[in-house]
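Trainee: Residues per chain are reported as follows:
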Amino acid sequence: MKRLAPLLLVAAILLAWEAIARSGLWNPLIFPSLEKISRELVLFFTRPESLLEAWISLQRAFAGFALATLVGVTIGMLMGRSAWIAALLDPLFSGTYAVPKLALFPIFIFVFGIGSLSKVALVFLECLYPIVIVTSQGARGVSRVLLWSAANMGASRAAALRRVVVPAAAPFIFAGLRIALPIALIVVIITEMVSSADGLGYLVIYSLSSLRTDRMLAVVVVIAALGWLLDRALVALRDRLVYWEKLETYYL
Amino acid sequence: MALAKAGLLALVLLAWQLASLLWGLPDYILSPLAILRHFFAALGSQELYTDIGASLGRALPGFVIGSALGVALGLAAGVSRIFDGAFSPVVFLTYPVPKIVLLPLFMLWFGIGDLSKVLIIALACFYPVFINAYYGARSTQKILVWAALNMGAGPGRIFRGIVLPGALPQIFAGLRVSLALSFIVMFAAEMINARSGLGHMIRIAENSLRFDLMYVSLASIAILGYAGDRLLALVREKTLAWQERPA
Chain A
0 MKRLAPLLLV AAILLAWEAI ARSGLWNPLI FPSLEKISRE LVLFFTRPES
50 LLEAWISLQR AFAGFALATL VGVTIGMLMG RSAWIAALLD PLFSGTYAVP
100 KLALFPIFIF VFGIGSLSKV ALVFLECLYP IVIVTSQGAR GVSRVLLWSA
150 ANMGASRAAA LRRVVVPAAA PFIFAGLRIA LPIALIVVII TEMVSSADGL
200 GYLVIYSLSS LRTDRMLAVV VVIAALGWLL DRALVALRDR LVYWEKLETY
250 YL
Chain B
0 MALAKAGLLA LVLLAWQLAS LLWGLPDYIL SPLAILRHFF AALGSQELYT
50 DIGASLGRAL PGFVIGSALG VALGLAAGVS RIFDGAFSPV VFLTYPVPKI
100 VLLPLFMLWF GIGDLSKVLI IALACFYPVF INAYYGARST QKILVWAALN
150 MGAGPGRIFR GIVLPGALPQ IFAGLRVSLA LSFIVMFAAE MINARSGLGH
200 MIRIAENSLR FDLMYVSLAS IAILGYAGDR LLALVREKTL AWQERPA
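Protein chains in written order, with numbering that gives the first Met the number 0: chain A, 0 to 251; chain B, 0 to 246.
The hints are simulated quantities; they were obtained by calculation from the structure and are not laboratory data.
Wrong hints could be hidden among the right ones.
[To be verified] Distance windows between CB atoms, simulated:
#, chain 1, residue 1, chain 2, residue 2, range
1, A, E17, B, A152, 30 to 38 Å
2, A, S155, B, G160, 31 to 39 Å
3, A, M152, B, R159, 50 to 58 Å
4, A, S32, B, L68, 23 to 31 Å
5, B, I203, A, V165, 23 to 31 Å
6, B, G155, A, G140, 35 to 43 Å
[As the list claims (entries may be wrong)] Beyond 10 Å from chain A on every Cβ pair, some chain B residues (computed):
#, residue
7, L35
8, T93
9, V96
10, F182
11, S216
12, Y225
[Said to hold, decoys possible] Under 8 Å between C-beta atoms, here's a sample of chain B residues computed to sit facing chain A:
#, residue
13, A5
14, L8
15, L101
16, W108
17, I111
18, I183
19, L212
20, M213
21, A221
22, G224
23, G227
Using N, Cα and C, we set each Cβ at its ideal position, and we do this for glycine too.
Make a model of the complete structure from these sequences and hints.
Mentor: Dropping the structure here:
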C-alpha cells in the first residue's frame, strides 16, 4: 500500500490533466493532451539528435559533479581532521555559502567560453559547497575511541585514515553527494536555458519559443525522470558501499 | 582572531588587486577596488534600487509562501498518519526533480509576469522546508508526549508545547536552505525571462559588454544573499534562545 500510494496520486494527476486537456476550456497550446505529449516522448527516444542533447547535458552534469566530489571530499576531509585547515577555510565557505554562485555564470562565460566548460565550472562550484560542508562534519565527528584503539593496535596515520576515518565519514559523504547531485542537474539545465545551443535545457526553451508545448513537456518529463533516476542510482551505490549503515531517513 | 580568520580572503583579494596592477587583467575581470568603485557609484543611481526591489519582490513572496506551506504541511505530515500518507510519498518522489524546468510551463499558465516566477520560487522553497519540518516533527521524543498526556495535556497543547519547539531547529535548517534557494531560482528565472531585476541586469550588462554593471549586479546579489542568511541566523538565535548552541 505504501508503495502504491504515490502511483495512485500520479495516476490521479494524469487523469485530471487529460480531463482538462479534453474539456476544451483551455487552448491545447497551454494544456496539450497526454496523447500528444507521449507521442513527442516516443519521438524523443527514437530520434538520435534528442538523445544526443540528453547525453550532452548528462556529460556536463557528471563532469562538474565528479570534479566537485574529488575536490570536495578531499577538502572536507582535511577540514574535518585538521584544526588549522578548518580555521583557514571555514570562513571562506561559510561566508560565501548563501551567495548564489549562479550570478557568476556571465563572468564564467567570458573566462571559460560559451561552450561546456563554463557550465561544468559552475556545476563544480555549486556542488562543492554541500559536499565540503557535510564531509567535514562527518570527518570531525569520528569517535575518538575508535582512533585511539586503532593507534593502540599500531595503525599508522595513513592506515587510521583509510580504515577508520573514511568509513566513519562515508555516510556523511554520501549525504553530501545526495544533496549535490540534483544541484548538478539543476545548474546544467539552468545554464543551458540561459545560454546554450545544445543540451536538454536548450531543448526546453527552443520548443517553447517555437510554440511546441507538447514537445517541451516531453522534455520536462525526461528531465524529471533523469533527476529521479540519478538519485535512485546514487542511493543504490550508497547502499552497496555503506552497507553497514541503513539509510534511515530519506534526507540524510 | 577575526583578522586571522579573514586572512585567506584578504590574501586572495590582495593577490587579485596586485595581479591587476602588475600585469593587467582581461577586460572582463575587474580588480576588487574597481568593483568597489563601480558598486558605490551604482549605489548613487536610481536603477540599482529598482532592480533590487523587483528581485526582492519576487524572491521574498516566493520564499514566504513556499516556506509557510512547507512548515504547515510538513508538520501535519509529521504528526498525522493521514497527512503522512497523502503528502510524503509525492513530496519524496518529486524531490530530486529540478523544479526550474517547470518555469516555461508556469509561464504558459500564469503569464510571463511576476506570478509565474513567484510560484516557481515558492515551489522550490517548499521542498527543503517540508522535509525538515516533517523529520523535525517525527523525531519528537515519545517520552515527552507520554509525560504531557499523563499530566492531562490535550493534542493542541502537546503540539504547541512539545512537537513545535522540538521541530524548530530542523525547521530553521530547512528555512536556511530554502532562503538560499529562493535567491538562486529568482536569479535563474530573471536571467531566463524578465524585464527587471538583478538577473535581468546582469544579462543586459553581458550583452552590452558593460562589465562594470555585471559586477555591480553580482555584488548586489552576493550582499543580499549574505545579509538574508545572517538575518535568518539572527531570528533563529532569538527564537531558539533556550536551545544549547551546537558545537
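Trainee: Would you mind marking each hint as holding or not holding in the structure?
Mentor: Hint check results:
1. A/E17 / B/A152: 30 to 38 Å: 48 Å, violated
2. A/S155 / B/G160: 31 to 39 Å: 53 Å, violated
3. A/M152 / B/R159: 50 to 58 Å: Cβ of A/M152 to Cβ of B/R159: about 52 Å, so the range 50 to 58 Å holds.
4. A/S32 / B/L68: 23 to 31 Å: Holds - the Cβ-Cβ distance for A/S32 and B/L68, about 30 Å, lies within 23 to 31 Å.
5. B/I203 / A/V165: 23 to 31 Å: 48 Å, violated
6. B/G155 / A/G140: 35 to 43 Å: Once the Cβ atoms are compared, 37 Å apart, the range 35 to 43 Å for A/G140 and B/G155 holds.
7. L35: Per Cβ check, B/L35 is outside 10 Å of chain A; nearest 16 Å; holds.
8. T93: The assertion about B/T93 is violated, with a minimum of 8 Å to chain A.
9. V96: B/V96 not clear of chain A: closest Cβ-Cβ about 4 Å, inside 10 Å.
10. F182: 5 Å, violated
11. S216: At roughly 7 Å from the nearest Cβ of chain A, B/S216 sits no farther out than 10 Å, so the non-interface label is violated.
12. Y225: With a cut-off of 10 Å, B/Y225 comes too close to chain A, as the shortest Cβ separation is near 5 Å.
13. A5: 6 Å, holds
14. L8: With a closest approach of 6 Å, the B/L8 hint holds.
15. L101: Holds: closest Cβ of chain A sits about 7 Å from B/L101, inside 8 Å.
16. W108: Since the shortest Cβ distance to chain A is 6 Å, the answer is holds.
17. I111: 11 Å, violated
18. I183: 5 Å, holds
19. L212: This hint is violated: B/L212 lies away from chain A, its Cβ roughly 10 Å from the closest one there, beyond 8 Å.
20. M213: Interface hint status for B/M213: holds (6 Å vs cutoff 8 Å).
21. A221: 4 Å, holds
22. G224: Hint holds; B/G224 Cβ to chain A Cβ min 4 Å, cut 8 Å.
23. G227: 7 Å, holds
Violated hints for the displayed structure, listed by number in ascending order: 1, 2, 5, 8, 9, 10, 11, 12, 17, 19.
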